[in-house]
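Undergrad: So the chains spell out like this:
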Amino acid sequence: GAVVSQHPSWVICKSGTSVKIECRSLDFQATTMFWYRQFPKQSLMLMATSNEGSKATYEQGVEKDKFLINHASLTLSTLTVTSAHPEDSSFYICSARAGPNTGELFFGEGSRLTVL
Amino acid sequence: GNSVTQMEGPVTLSEEAFLTINCTYTATGYPSLFWYVQYPGEGLQLLLKATKADDKGSNKGFEATYRKETTSFHLEKGSVQVSDSAVYFCALSANSGGSNYKLTFGKGTLLTVNP
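Those protein sequences? They're chains X and B, same order as listed. For the first sequence, the residue numbers in our numbering are 1 to 116. For the second sequence, the residue numbers in our numbering are 1001 to 1115.
Excised from the complex, chain X in its bound form (with noise of 0.2 Å):
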C-alpha cells in the first residue's frame, strides 16, 4: 500500500521554541493532507486539512498562527508548532489522500511532542 513517513518520530523542546514536523507520501502524490492530534486514551482530533499549493483549512477551536502548516509539494506537508508549551505536548499525525473519490487515507507513524 502507500507509504506516508513523518520525522521526527519523537522531540523534546523547551517551551516558548518552534518545532516543525514533516509529512512525506513516499510513493504517491497527495494533493490533500490531514493533521491529527491524538491525546492518551483519546480519538484522533482533525486540527486541518493541507492542500498543496493553497492555504490549510483549520477545524474549529485550531489555533491556525500556533500551527502553521504548509504544503508545498504533492510529496511534503509540514506542520509547525510555534511558540509550544507544555500543553502543545501530544502526539501529531499526518495522513494523506491517496485517491480523489475515496475516503481512504495512509497514516504516518506519528510524531511525539513534548514541550519542558
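If you're looking for bench data, these hints aren't it; they were derived computationally from the structure. It is possible that part of the hints are untrue.
Stated by the list, open to error - Taking lysine-lysine and the DSSO-like style, the derived pairs with C-alpha atoms no more than 27 Å apart in a straight line are:
{"hint": "1", "chain 1": "X", "residue 1": "Lys64", "chain 2": "B", "residue 2": "Lys1107"}
{"hint": "2", "chain 1": "X", "residue 1": "Lys55", "chain 2": "B", "residue 2": "Lys1068"}
{"hint": "3", "chain 1": "B", "residue 1": "Lys1052", "chain 2": "B", "residue 2": "Lys1077"}
{"hint": "4", "chain 1": "B", "residue 1": "Lys1107", "chain 2": "X", "residue 2": "Lys66"}
{"hint": "5", "chain 1": "X", "residue 1": "Lys41", "chain 2": "B", "residue 2": "Lys1107"}
{"hint": "6", "chain 1": "B", "residue 1": "Lys1102", "chain 2": "X", "residue 2": "Lys20"}
{"hint": "7", "chain 1": "B", "residue 1": "Lys1056", "chain 2": "B", "residue 2": "Lys1107"}
{"hint": "8", "chain 1": "B", "residue 1": "Lys1102", "chain 2": "B", "residue 2": "Lys1052"}
{"hint": "9", "chain 1": "X", "residue 1": "Lys41", "chain 2": "B", "residue 2": "Lys1102"}
{"hint": "10", "chain 1": "X", "residue 1": "Lys55", "chain 2": "X", "residue 2": "Lys20"}
{"hint": "11", "chain 1": "B", "residue 1": "Lys1077", "chain 2": "X", "residue 2": "Lys41"}
{"hint": "12", "chain 1": "B", "residue 1": "Lys1077", "chain 2": "B", "residue 2": "Lys1107"}
{"hint": "13", "chain 1": "X", "residue 1": "Lys41", "chain 2": "X", "residue 2": "Lys14"}
{"hint": "14", "chain 1": "X", "residue 1": "Lys41", "chain 2": "X", "residue 2": "Lys55"}
{"hint": "15", "chain 1": "B", "residue 1": "Lys1060", "chain 2": "B", "residue 2": "Lys1102"}
{"hint": "16", "chain 1": "X", "residue 1": "Lys41", "chain 2": "X", "residue 2": "Lys64"}
{"hint": "17", "chain 1": "B", "residue 1": "Lys1052", "chain 2": "B", "residue 2": "Lys1107"}
{"hint": "18", "chain 1": "X", "residue 1": "Lys64", "chain 2": "X", "residue 2": "Lys20"}
{"hint": "19", "chain 1": "B", "residue 1": "Lys1077", "chain 2": "B", "residue 2": "Lys1060"}
{"hint": "20", "chain 1": "X", "residue 1": "Lys41", "chain 2": "B", "residue 2": "Lys1060"}
{"hint": "21", "chain 1": "X", "residue 1": "Lys64", "chain 2": "B", "residue 2": "Lys1060"}
{"hint": "22", "chain 1": "B", "residue 1": "Lys1102", "chain 2": "B", "residue 2": "Lys1056"}
{"hint": "23", "chain 1": "B", "residue 1": "Lys1102", "chain 2": "X", "residue 2": "Lys66"}
Starting from the structure of chain X, add chain B where the hints point.
TA: This is chain B only, laid out in the frame that chain X set:
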C-alpha cells in the same frame, strides 16, 4: 454533525477467544465506514471498510457489516491472536461538501490478547 461511538475499553481476551467491538454512528447522507488499527508505536492502518449499506468488510479474519437500520458497524473476529493486540478505531467518512472526505473517528478501543 457526524459522530462515532465505540465501546470503551480496555478489552482483555485470551487467545482464540471471540471478539466483538461495537461501533455506532451518526451521520447525514450515506457515509463510508472504516476500521483502523494502531499497533504499539505505529501509525494507523486501514483494517477494513464498507462503502454502502449491507456491505461486509473483511481482512485478516476481522469482519464488519454496514447496518444502516441500526447505524452500526461492529467489528468481529472469531479467534483472536496475541498479535491482534492493538487499539482499534471505528471511523466514518462523509463528503463534507467539498472533496476532502474528512474522517470522523471514535475514541478507540484497546484490545489486549493474552496467550
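Undergrad: Hint by hint, say whether it matches the structure.
TA: How the hints compare with the structure:
no.	hint	result
1	X/Lys64 x B/Lys1107	holds, 24 Å
2	X/Lys55 x B/Lys1068	violated, 36 Å
3	B/Lys1052 x B/Lys1077	holds, 21 Å
4	B/Lys1107 x X/Lys66	holds, 25 Å
5	X/Lys41 x B/Lys1107	holds, 7 Å
6	B/Lys1102 x X/Lys20	holds, 23 Å
7	B/Lys1056 x B/Lys1107	holds, 22 Å
8	B/Lys1102 x B/Lys1052	holds, 17 Å
9	X/Lys41 x B/Lys1102	holds, 21 Å
10	X/Lys55 x X/Lys20	holds, 17 Å
11	B/Lys1077 x X/Lys41	holds, 23 Å
12	B/Lys1077 x B/Lys1107	holds, 20 Å
13	X/Lys41 x X/Lys14	holds, 25 Å
14	X/Lys41 x X/Lys55	violated, 31 Å
15	B/Lys1060 x B/Lys1102	holds, 26 Å
16	X/Lys41 x X/Lys64	holds, 25 Å
17	B/Lys1052 x B/Lys1107	holds, 23 Å
18	X/Lys64 x X/Lys20	holds, 14 Å
19	B/Lys1077 x B/Lys1060	holds, 9 Å
20	X/Lys41 x B/Lys1060	holds, 25 Å
21	X/Lys64 x B/Lys1060	violated, 40 Å
22	B/Lys1102 x B/Lys1056	holds, 22 Å
23	B/Lys1102 x X/Lys66	holds, 22 Å
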